[in-house]
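If you're matching them up, the sequences are chains A and B in order. Counted the way this note's numbering counts, the first sequence spans residues 117 to 390. Counted the way this note's numbering counts, the second sequence spans residues 581 to 897.
FYI, nobody ran anything at the bench for these hints, they're computed from the structure. C-beta: ideal position from N, C-alpha, C; glycine also. A few of these clues could be false.
Claimed, not checked - Partial selection, computed: residues in chain B whose CB lies under 10 Å from chain A:
| hint | residue |
| --- | --- |
| 1 | 766 |
| 2 | 769 |
| 3 | 772 |
| 4 | 775 |
| 5 | 776 |
| 6 | 777 |
| 7 | 779 |
| 8 | 780 |
| 9 | 781 |
| 10 | 784 |
| 11 | 788 |
| 12 | 789 |
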Amino acid sequence: MNAIVSNLAQPVGQPKTAERDLLLRVDNVSLSFGGVKAITNISFDIQKGEIRAIIGPNGAGKTSMLNVINGFYHPQEGTITWRGEVRRKMKPYEAASQGIARTFQNVALFKGMTTLDNIMSGRSLKMHRNFLWQMAWFGPARQEEIEHRRKVEDIIDFLEIQAIRKTPVGKLPYGLQKRVELGRALAMEPELLLLDEPMAGMNLEEKEDMSRFIVDVNQEFGTTIALIEHDMGVVMDLSDRVVVLDYGKKIADGPPEEVQASQAVIDAYLGVSH
Amino acid sequence: MLYDIFIGPFVQMVEMPDFFLQVLWEGFVAGILYALIALGFVLIFKASGVFNFAQGIMVVFAGLTLVGFYESGVPALLALLLTIGVMGALAYGIERFVMRPLVNQPDIILLMATIGLTYFLIGLGEFVFGGEPKRMIAEELGLPTGSTAIEMGERGLVILQHIDIAAAVIAILMVTALGIFFNKTRIGRALRAVADDHQAALSVGISLNQIWAIVWFAAGLVALATGIMWGARSDVSFALEIVAFKALPVLILGGFTSIPGAIIGGLIIGFGEKIGEIYWGGLVGGGIESWLAYIIALIFLLFRPQGLFGERIIERV
Numbered sequence: 117m118n119a120i121v122s123n124l125a126q127p128v129g130q131p132k133t134a135e136r137d138l139l140l141r142v143d144n145v146s147l148s149f150g151g152v153k154a155i156t157n158i159s160f161d162i163q164k165g166e167i168r169a170i171i172g173p174n175g176a177g178k179t180s181m182l183n184v185i186n187g188f189y190h191p192q193e194g195t196i197t198w199r200g201e202v203r204r205k206m207k208p209y210e211a212a213s214q215g216i217a218r219t220f221q222n223v224a225l226f227k228g229m230t231t232l233d234n235i236m237s238g239r240s241l242k243m244h245r246n247f248l249w250q251m252a253w254f255g256p257a258r259q260e261e262i263e264h265r266r267k268v269e270d271i272i273d274f275l276e277i278q279a280i281r282k283t284p285v286g287k288l289p290y291g292l293q294k295r296v297e298l299g300r301a302l303a304m305e306p307e308l309l310l311l312d313e314p315m316a317g318m319n320l321e322e323k324e325d326m327s328r329f330i331v332d333v334n335q336e337f338g339t340t341i342a343l344i345e346h347d348m349g350v351v352m353d354l355s356d357r358v359v360v361l362d363y364g365k366k367i368a369d370g371p372p373e374e375v376q377a378s379q380a381v382i383d384a385y386l387g388v389s390h
Numbered sequence: 581m582l583y584d585i586f587i588g589p590f591v592q593m594v595e596m597p598d599f600f601l602q603v604l605w606e607g608f609v610a611g612i613l614y615a616l617i618a619l620g621f622v623l624i625f626k627a628s629g630v631f632n633f634a635q636g637i638m639v640v641f642a643g644l645t646l647v648g649f650y651e652s653g654v655p656a657l658l659a660l661l662l663t664i665g666v667m668g669a670l671a672y673g674i675e676r677f678v679m680r681p682l683v684n685q686p687d688i689i690l691l692m693a694t695i696g697l698t699y700f701l702i703g704l705g706e707f708v709f710g711g712e713p714k715r716m717i718a719e720e721l722g723l724p725t726g727s728t729a730i731e732m733g734e735r736g737l738v739i740l741q742h743i744d745i746a747a748a749v750i751a752i753l754m755v756t757a758l759g760i761f762f763n764k765t766r767i768g769r770a771l772r773a774v775a776d777d778h779q780a781a782l783s784v785g786i787s788l789n790q791i792w793a794i795v796w797f798a799a800g801l802v803a804l805a806t807g808i809m810w811g812a813r814s815d816v817s818f819a820l821e822i823v824a825f826k827a828l829p830v831l832i833l834g835g836f837t838s839i840p841g842a843i844i845g846g847l848i849i850g851f852g853e854k855i856g857e858i859y860w861g862g863l864v865g866g867g868i869e870s871w872l873a874y875i876i877a878l879i880f881l882l883f884r885p886q887g888l889f890g891e892r893i894i895e896r897v
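Work the whole structure out from these sequences, hints included.
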């Protein structure tokens with residue numbers, strides 16, 4: 117099976133990726149929970165400015181992979197190189213402060229708070245005034261809050277969610293919640309944005325909107341995106357390169373057309389006895 | 581009978597306004613003290629979505645520590661500072677050894693952890709300070725004693741205990757400071773974020789460890805203030821822990837997540853209890869003070885389950 121794995125650092129037919137730098141590299145990462153192996157010896161990279169899709173059947177280890185990247189899980193083996201430096205074991209909030217933002221498969225918003233507050237919470241790391249200023253609630257702290265508020269309003273405009281600015285997010289329909297969650301991640305001005313099934317449970321129109329936002333974020337803000345998605349149409353349209361996982365192992369890696377044609381991928385999706 | 585319920589008590593109130601005012605004052609003071617306890621619960625609930633079973637014992641523990649330091653020969657004010665230090669260390673310890681390993685666990689697990697913490701603190705308190713009630717060093721801390729009698733013209737007297745006035749002032753100050761801290765600052769937003777969703781909070785770069793340590797420390801300070809105030813009125817003993825559960829109806833009334841709610845709820849319970857006991861208690865043989873609060877809370881639950889100021893969380897299913 118390994119013969120078919122195509123590991124292309126600089127995929128052919130994609131000249132724009134050629135001069136890009138490496139943003140993140142995962143080398144031989146393995147992760148297990150007790151006796152259950154979630155990820156086995158996976159290596160791949162994410163280059164600056166690309167949209168990288170991670171696909172695979174349910175239980176393939178895609179979300180675990182994202183969790184490893186943003187520090188929720190610590191792999192037992194392997195290394196993660198972030199911007200050219202091998203990363204030590206880090207906590208999620210450290211990953212966040214280094215510019216990794218994410219959304220979740222099952223929307224993880226702060227349900228009691230409004231859309232505005234949810235997105236503002238994405239600015240947590242960008243606010244630097246200390247406790248005392250904050251308590252005083254005037255002067256620099258206040259000025260800072262206003263600046264951040266402006267940034268957040270820009271994001272709200274960008275995502276076209278002005279109308280629900282003050283609505284508690286628990287009340288919103290699922291599609292909008294996903295959009296707010298994207299907004300919160302964008303508020304962090306991340307270098308790498310991890311999207312875990314951004315289009316799950318959406319109708320066609322919502323999927324088209326979301327696709328447009330993802331492409332815009334990638335092109336206008338230059339944000340690198342790694343996304344997990346089950347809708348193959350979306351994956352093939354959006355992504356520059358695709359990595360395919362199955363049973364915690366990598367079975368293909370390359371540009372969408374190539375991956376689509378790979379026998380191992382077809383087998384994984386259609387089901388072949390293992 | 582109807583007269584006794586609907587008319588008699590009010591006639592009494594008007595006929596003896598001095599007595600009525602005295603009752604109101606008693607209710608006010610009790611309310612403030614309930615509010616102080618409830619405040620401790622609210623802080624933890626806001627930050628972790630958990631009813632902190634250990635808040636009551638933290639009140640006792642703080643009080644005992646303060647008296648303990650004083651009895652071992654430390655000057656009163658230094659003892660107070662040291663106790664604040666102990667509460668800080670306790671907050672760090674709870675964060676490090678209880679909360680941190682339980683990140684992302686269901687709320688019920690965290691609740692069980694606080695029950696465990698309760699028994700740990702009871703054991704530790706008894707081991708270090710012994711089981712006997714101790715006298716609170718209110719005077720030594722510079723809290724006023726004595727009382728003032730206000731004359732009501734020819735009608736009579738209202739007596740105000742100075743310690744009660746001090747309790748009211750301290751409670752109001754603490755509530756204002758905490759209110760500003762948690763509603764107007766980034767920390768406040770972070771706190772609500774943490775309470776809603778651990779993973780999401782982590783992913784936007786909020787440090788759970790830091791937030792939890794801050795919150796448990798704040799709850800520790802509130803516990804200390806409560807311990808001093810309750811202790812000054814009775815004694816510092818493990819029985820205070822039970823009194824702390826009076827905070828439960830207060831929280832149901834005010835909402836588990838609202839600092840102003842804790843205050844208003846505390847006052848409603850305080851006034852309700854005293855007035856109910858004095859003017860209506862006789863009808864059922866008295867002693868209604870101990871359960872009236874729960875009845876008020878139950879009635880409230882029927883109409884406003886989220887409390888007066890609680891967050892109304894609507895979940896789409």
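Which constraints among the numbered hints does this structure fail? Numbers only, ascending.
none
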